[in-house]
Structures are given as structure tokens and as C-alpha cells.
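Each chain is listed here by its residues.
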Amino acid sequence: MKTSRRISTVFILVAATAVARAQTTEPNQSDVVKALLMRIDKLEQRVAELEASKTTASAGAPAQHHEPQEAQIPSTEGRQSMAAQIHEHDEHPQGGAVAENHFPSLQIRGFGDVDFAATDERGSHSGFNMGQVVLHLASPLSKKVAYFGEVSFTAQPTAYAVDVERSIIRYDHNDYFKLSFGRYHTPINYWNTAFHHGLWLQTTISRPEMIRFGGRFQPVHFFGMLAEGNIPSGSLGLGYEVGLGNGRAGVISRAGDFGDVNNNRAWVARLFARPTGLQGFQFGGAIYRDKISPTPALPGDPTFGEWISSAQLVWAKETPEFISEFANVHHRNNLTGHISDSQAFYAQLAYRLPWQQKKWKPYSRFEYTHIPVTEPLFSLADFRVQDLVGPTVGVRYDITDFAAFKLEYRHTKRGPKDPEVNGVFVQTSFTF
Amino acid sequence: MRKAAMRKAAKIGTWFTFAFVLSMVLVSRSSAQTNTTPDLAVIVNPKNAVDSLSLNDLVKIYRGERQYWKGNLPIVLLFRPPGSYERMIALRVIFQMTESQYKQYWVSKIMRAEATAPPTELFSGGMTKEGVMAIPGAIGCISATDLRPGMKVLHIDGHLPGEANYPLH
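One line per chain: the protein sequences are A and B, in this order. Here the numbering used here is used: the first residue of the first sequence is 39, the next is one more, and so on. Here the numbering used here is used: the first residue of the second sequence is 288, the next is one more, and so on.
It should be emphasised that the hints constitute simulated quantities derived from the structure, not laboratory data. Be aware that a few hints might be false.
[Unchecked claim] Lysine to any residue pairs mimicking SDA-like chemistry, simulated, CA-CA at most 25 Å apart:
#, chain 1, residue 1, chain 2, residue 2
1, A, Lys181, B, Ile362
2, A, Lys355, B, Trp393
3, A, Lys182, B, Asp344
Input sequences plus hints: build the corresponding full structure.
Here it is, written out as C-alpha cells:
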């Protein structure tokens with residue numbers, strides 16, 4: 039009696055352990071998917087074995103079990119016969135049909151954001167505002183030709199402004215040479231070409247001032263043609279972009295989409311490295327050359343020669359993330375010969391915290407812009423770019439894989455006579 | 288009376304220890320079974336002239352940084368869906384990303400106009416084999432236990448699945 043009680047105690051203990059273990063690994067949806075995928079694999083393996091044994095039996099030979107190691111070095115003849123065998127037995131090769139590309143095959147992805155802002159700037163209003171709704175289009179037209187587009191809808195006081203941000207058709211020759219035509223984000227700046235209008239892609243709420251949308255310090259858009267590709271360089275991972283286009287419009291924050299205002303092409307060249315051994319690391323530099331014919335025209339109708347040189351250093355992994363860029367804008371008044379150089383840089387540091395499923399990512403950025411008071415273009419009222427010293431701190435919380443909340447504090451100081459401004463900004467950004 | 292009580296306690300203790308050890312053995316055996324990890328084989332179309340790749344090249348290919356084979360044949364990436372063994376290994380060794388980072392990586396890459404679509408996800412090793420056989424530029428990853436004669440398996444860093452120093456497992 040005692041013995042049976044003890045045995046039952048033992049079984050209860052073992053069962054309790056097993057139940058406890060089972061409870062800790064209670065199947066959820068992903069476990070069910072895993073189990074189903076494993077089941078499919080096992081069934082396919084079984085079918086293959088049966089087919090192989092059927093084939094060998096019909097050939098009058100005893101069935102053989104093919105070890106994987108034997109399969110790795112098949113003879114050419116064996117390979118061809120096996121290929122034929124697979125086609126013979128798979129009248130409907132689903133994998134091939136599913137994986138085969140179809141042209142054109144348009145894919146649309148959207149980005150959106152909703153914002154709240156409150157600052158102590160005199161005359162400003164706090165409140166919610168609708169950010170941009172952005173649609174990104176990608177469509178392969180053939181194995182080597184693809185179209186990319188980006189359209190934005192931006193809230194304005196009386197209506198929504200629709201803008202074609204990018205519209206590019208690209209012909210790929212190989213990895214070393216791809217030629218495209220259309221409207222781009224100018225590859226003079228890393229941020230401009232890494233995040234485009236997808237605010238969800240960037241860690242922070244705001245873009246750096248030196249490349250903000252509607253800004254004048256650097257041309258955000260470029261209309262023309264672009265050659266790009268890898269440069270054979272082994273593990274250094276060099277790449278290039280070279281573009282020829284219309285350059286800035288008369289309104290210098292705009293690109294010359296409807297034609298070149300001065301019949302003088304702008305060009306841009308960028309060289310970068312993405313070392314293979316350091317995934318997420320990138321550094322590079324770019325130069326941009328243009329001739330500006332400002333609208334409204336200035337007294338004497340001068341034009342301005344523009345040279346922009348820039349450098350980028352990026353560590354895109356999130357533990358930590360580091361992005362830093364510098365740009366120098368050199369202007370020459372072609373009428374008076376007066377020259378001036380303006381500089382801007384920013385450095386951003388962020389870190390994905392390891393706790394709570396890595397949803398939190400605090401960040402900080404420091405920005406600096408200096409425009410000399412004698413700058414021949416940026417110091418004029420219609421083309422003004424202001425000085426800036428501005429630290430930013432904030433935190434990003436990823437609600438899901440495709441949506442995030444961001445909370446940001448910004449302190450900005452413009453000119454010597456301008457007041458310091460503090461602001462709190464909240465954003466939810468997402469992709470759909 | 289006291290001795291009997293001590294003997295009883297000792298017996299209970301012995302049974303408890305036995306049950307504990309037994310349950311631990313069962314648990315460890317069960318874990319060992321689930322931790323069996325066959326190598327990940329990289330397969331390409333038999334007509335593809337490439338026989339071997341470095342792990343760095345494979346990383347570049349699967350991350351979409353290299354999009355053409357020699358001879359300018361477009362590379363078609365075949366991948367397995369979330370939850371599959373092959374994907375788990377590839378995410379860890381090739382992409383060095385979590386599932387979330389992988390999804391965001393491809394959203395970002397397509398947004399930058401560097402690719403038109405993420406790797407095609409096929410629901411089984413068999414479909415991956417069919418895809419590789421049907422598409423000249425295709426490359427796929429399957430469990431080494433699913434390899435069959437006629438499939439072209441690439442050497443990675445000079446090694447085949449099952450060999451020492453093979454990096455994909």
C-alpha cells in the first residue's frame with residue numbers, strides 16, 4: 039500500500055515536472071506555424087524518398103537511400119537526369135511558379151505620421167498636425183528595368199499639397215553599372231537618400247536642419263540622370279553615384295523639374311564604402327557643382343557658382359547607432375567675384391535598449407549651422423538660411439515592427455539677436 | 288519510533304531524488320532532440336557556373352548588395368517564411384538580424400530604391416528546390432537533410448554542409 043502510494047507520488051512529481059515544462063512552452067501561433075512547416079518538410083522528404091525508390095525500382099535496381107553528403111557532389115550526368123526526374127514528377131512546380139517574377143508587378147508601401155508640437159517661441163501655436171502621407175511605388179518592368187516613385191500628400195492651410203518626390207526609371211547592366219533617369223533625392227547627403235520621406239525609417243522626429251524639406255542649404259532634390267554601382271574593391275565595399283541634372287531652380291529650395299533655368303547642368307559625384315566585415319558601417323563623401331540663377335532676380339542679375347562638398351560617417355546598427363555629416367557650401371557671386379563658405383554638421387547617437395523586447399531607443403543629436411553675414415546668397419531675405427545651434431534629445435518606442443512613438447525635446451538658438459526656443463514634440467509614425 | 292520516522296523520511300528523500308533525476312534526464316533528452324541542428328545548404332540552379340562563395344559574398348547576395356551573378360544574370364533570392372529552421376539560421380548567420388530588423392531592413396532597402404522586393408518566401412524546402420531548378424539565377428537555402436541528387440550545392444568558404452568549419456549551422 040505504502041509502496042504504491044510512493045510510486046504514485048513519484049509519478050505525480052514526474053507528471054508535474056512535465057506539465058510545468060509543457061506550460062512554459064505552451065504552443066502559440068508561431069509554434070503552430072513552425073510545426074506545420076516542419077510537417078510539410080517531412081512530408082516532402084517522404085515523397086522524395088518514395089519517388090526515388092519508385093524510380094530505382096522501375097529501373098530494375100534495388101532502392102537506395104541517398105545520403106545528403108552524396109548529393110553534394112553529383113556528376114553532371116547525374117545532375118541532368120535528376121533535373122529531368124524532378125520535372126517528370128513535378129508536373130506543377132509550384133516553387134518555380136511562385137518565385138518567378140512577373141512584369142510589371144507594382145508594389146505600394148505607405149508611410150504616415152501624426153504629430154504634436156508645443157514651443158515657447160513667441161507667436162507660435164501648440165497643437166496637433168497632420169504629417170505627410172507618403173506612397174512609395176516600386177515596380178520591376180523586366181529583369182533589369184525597374185520603376186520607383188514617391189508621392190507625398192502634405193497638409194496645407196486650405197488643402198493638401200500633392201508632390202512627386204521621386205520618379206525614377208532604372209536600367210541595370212550589372213552590379214557595377216546602373217543608369218537611371220528622373221527625379222531623385224540628391225545623393226549629396228546620407229540622410230536624404232537613406233530615409234527619404236519615410237519618417238518611420240528615421241530614429242528621430244525631425245530631419246537635420248541642413249537637409250530639411252523645403253530647406254535651402256543643400257538641394258534636397260535633383261532632376262536628371264544618375265549612374266551608380268559597386269566598385270570592385272573586395273571587402274572594402276566601395277560604391278559610387280554620379281549624376282547630371284538641371285540643378286536648383288530659380289527658387290533655390292526647388293529642383294528644376296520643368297527645365298534648367300540657366301542652361302547650365304549641375305553634377306554630383308559621391309563615393310562611399312560599406313566594408314563587408316563591418317555590417318552597418320558606411321563612410322563617404324560627395325561633391326556637387328551648380329550655377330544658380332536666383333528668382334526673384336537680384337540687382338545686376340548676378341549668377342552664383344556653387345560648390346558643395348560633404349562627408350558622412352554612419353554606423354547603422356542600433357547598439358549603438360551613430361550618424362554624422364558635414365557639408366560646406368561655397369558660393370561665388372559671378373558678377374562681383376565675392377566668395378563665401380558656409381558650414382553645417384550634425385552628429386546623432388542612439389542606442390536600442392536591451393530590455394522590454396528592445397522597444398526603447400533613446401537618442402540625442404547636436405546640430406550646427408554657420409552662415410557668414412557676408413554670404414552673397416544665404417544672407418538675402420528671399421534666400422535666407424539661418425545659423426543654428428541646436429541639441430535634441432528624445433526617445434523612440436516601437437509599438438510594433440511597423441509603427442513607433444517618438445518624444446523629442448529640442449533647444450534651438452539661431453542668430454545672436456534671436457531668442458532661444460525650447461520645444462516638445464510628439465510623433466507617431468508608421469508604414470503600411 | 289524516531290528511527291522509523293527517519294527511515295521513512297530517508298525513503299521519501301530517495302524517491303524524490305530519483306524522480307527529480309529522472310525528470311531532468313527526460314527534459315534534457317527532449318531538449319537535446321529539439322537542438323539537433325543540421326547544416327544549412329546553399330543551392331543554386333545546376334546551370335549556374337558558380338561552385339563556391341565566401342560567406343561574405345553570400346551575405347552580400349542575401350542582403351541585396353550584390354544582385355547579379357557573373358555574366359550579368361540577375362540573382363533571384365529564395366527564402367523561407369518566419370518560423371522555419373532555414374530562416375532562423377540564415378537570420379542569425381547571414382543577416383545577423385532579428386526577425387523585426389529583417390523586415391525593417393527590406394522596407395528600408397526598397398524605399399531607397401535599392402531593390403524592388405524582398406526575397407521570395409517559399410513555404411517548404413520542396414518549393415525552394417523547385418524554384419531553384421526552374422529559375423536560372425535563383426539561390427536558396429535548405430536544410431542539409433533535404434538535399435537530393437541533382438541539386439547543386441555551393442561550397443561556402445571552401446566547405447560543404449557536414450564538413451568541419453562549414454559556417455552555416
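Okay, the hints, checked on the actual structure:
1. This hinted pair checks out: lysine 181 of chain A and isoleucine 362 of chain B have alpha carbons roughly 10 Å apart, not beyond 25 Å.
2. Restraint check for lysine 355 of chain A and tryptophan 393 of chain B: satisfied, since their Cα atoms lie roughly 15 Å apart, inside the 25 Å limit.
3. For a cut-off of 25 Å, the pair hint linking lysine 182 of chain A to aspartate 344 of chain B stands: about 21 Å separates their Cα positions.
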